[in-house]
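Number of protein chains: 2
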Amino acid sequence: MSASLWKTPQQRKAERALKREAVLRAAARAFSEQGFHGTSLDDVADRLKVSKPTIYHYVRSKDDILCECVRLGLERLDAASAAVAAEGGVATGLDRLTVLWTEYAHIVTEDFGRCLILVGEDPLPPAARKELRTLKSRIDRRFRSLVETGIADGSIRPCDPRMLAFAAAGALSWIARWYDPDGPLSPDQIARETVSFIVDGIRG
Amino acid sequence: MSASLWKTPQQRKAERALKREAVLRAAARAFSEQGFHGTSLDDVADRLKVSKPTIYHYVRSKDDILCECVRLGLERLDAASAAVAAEGGVATGLDRLTVLWTEYAHIVTEDFGRCLILVGEDPLPPAARKELRTLKSRIDRRFRSLVETGIADGSIRPCDPRMLAFAAAGALSWIARWYDPDGPLSPDQIARETVSFIVDGIRG
Chain L
1 MSASLWKTPQ QRKAERALKR EAVLRAAARA FSEQGFHGTS LDDVADRLKV SKPTIYHYVR
61 SKDDILCECV RLGLERLDAA SAAVAAEGGV ATGLDRLTVL WTEYAHIVTE DFGRCLILVG
121 EDPLPPAARK ELRTLKSRID RRFRSLVETG IADGSIRPCD PRMLAFAAAG ALSWIARWYD
181 PDGPLSPDQI ARETVSFIVD GIRG
Chain C
1 MSASLWKTPQ QRKAERALKR EAVLRAAARA FSEQGFHGTS LDDVADRLKV SKPTIYHYVR
61 SKDDILCECV RLGLERLDAA SAAVAAEGGV ATGLDRLTVL WTEYAHIVTE DFGRCLILVG
121 EDPLPPAARK ELRTLKSRID RRFRSLVETG IADGSIRPCD PRMLAFAAAG ALSWIARWYD
181 PDGPLSPDQI ARETVSFIVD GIRG
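If you're matching them up, the sequences are chains L and C in order. Letter 62 of the first sequence, counting from 1, is numbered 62 in the UniProt record's numbering, and no numbers are missing. Letter 137 of the second sequence, counting from 1, is numbered 137 in the UniProt record's numbering, and no numbers are missing.
Pulled out of the complex, with its shape left as it was, chain L reads as follows:
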């Protein structure tokens, strides 16, 4: 049958999206392991066992790749925080933050989340940096506002919401630095234990 020999436009589009993600993922790993300045597009091509021109079929430049990797990491945090912030119902601020912080811990063990923390937007040109920082600020504000909700409903003890949000972000982001995918601890165990250190210290 022809279907097995010639792909439909939809199949080609899906395949292209998959290949582009594979390029970004390989680059995110390389940036996290070797640093942005220590990684060439040849390194990324080598990891995928393709040629450098093949890479350029999916991305424009090394800057373009990092921008996308950081954006994908931030979009995971943005979606997770938007979902928890929008939640109605009776959950306290602290309960909702517990869910969100647990998700945060998982995200920073993944390729794009790890690249977001270990490399971030700093090496990018001003325009890209500005755009990503705007997204970052929105996420930061959402975390802070959930802390404020928790203080208001009594589930979190009175404290400086900005400092608590930063302390939690630091404890969780640090996971990206020490997490070893081949090590004995699963992302789940790490998330549970790290979140418990934060949560147990701030109950109202």
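Please keep in mind that the hints were generated in silico from the structure rather than gathered at the bench. Since we're looking at a predicted model, the values are computed, not measured. Each residue gets a CB set at the ideal place from its N, CA and C atoms; glycine is no exception. Hints should not be assumed to be uniformly reliable.
Derived, one-sided and incomplete: chain L residues facing chain C with beta-carbon distance under 8 Å [claimed, not checked]:
1. 99
2. 123
3. 155
4. 159
5. 167
6. 174
7. 178
8. 180
9. 193
10. 201
11. 202
We have chain L already, so just place chain C on it with the hints.
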């Protein structure tokens, strides 16, 4: 008197040390604000209002400067942790960690501590990187062993000492990312509040 016109060798030596530290401090600030790759020795010279050749009178290269800045940051942590670890007396593990974590928070608001966290040894050639990582591991082990002491004496609840040491290091190191010397919060307030988030969650 001749003493006011010609300096003694001791005075010359002291002055040289002061000037070298000024070079390192200006570089540490530039690296933290602009990134290592975004900083040239011309930038450092500009900050000190001297010429680049003057800088070379005190340091060999940009790598040499970063290596010294990171070492100075690590030496502050090393000295603080060694002092607390060596302490005899009746203080519990948690009390000793409270002192040490508070000191840690102060160190990462200072020029060399900030550079240690924000830039670190990653951009350096393998030999320098290895040397600094050895020092880092020694400090890490000391933190972990104090957590173990606290669990053993009952002042810290049973938990994974490695994960607790990392969570605390993350919450505290993150201060280097958001602390603003011109902002309303003093290092002292930041240290007290951040350490309380950690300590209150782990009591035995």
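Hint by hint, here is what the structure shows:
1. 99: violated, 18 Å
2. 123: Hint on residue 123 of chain L: holds, closest Cβ of chain C at ~7 Å, below 8 Å.
3. 155: violated, 15 Å
4. 159: Residue 159 of chain L check passes; min Cβ-Cβ to chain C is 7 Å, inside 8 Å.
5. 167: Cβ of residue 167 of chain L sits 4 Å from chain C, so the hint holds.
6. 174: holds, 3 Å
7. 178: holds, 5 Å
8. 180: violated, 11 Å
9. 193: Status holds, d = 5 Å.
10. 201: holds, 3 Å
11. 202: holds, 6 Å
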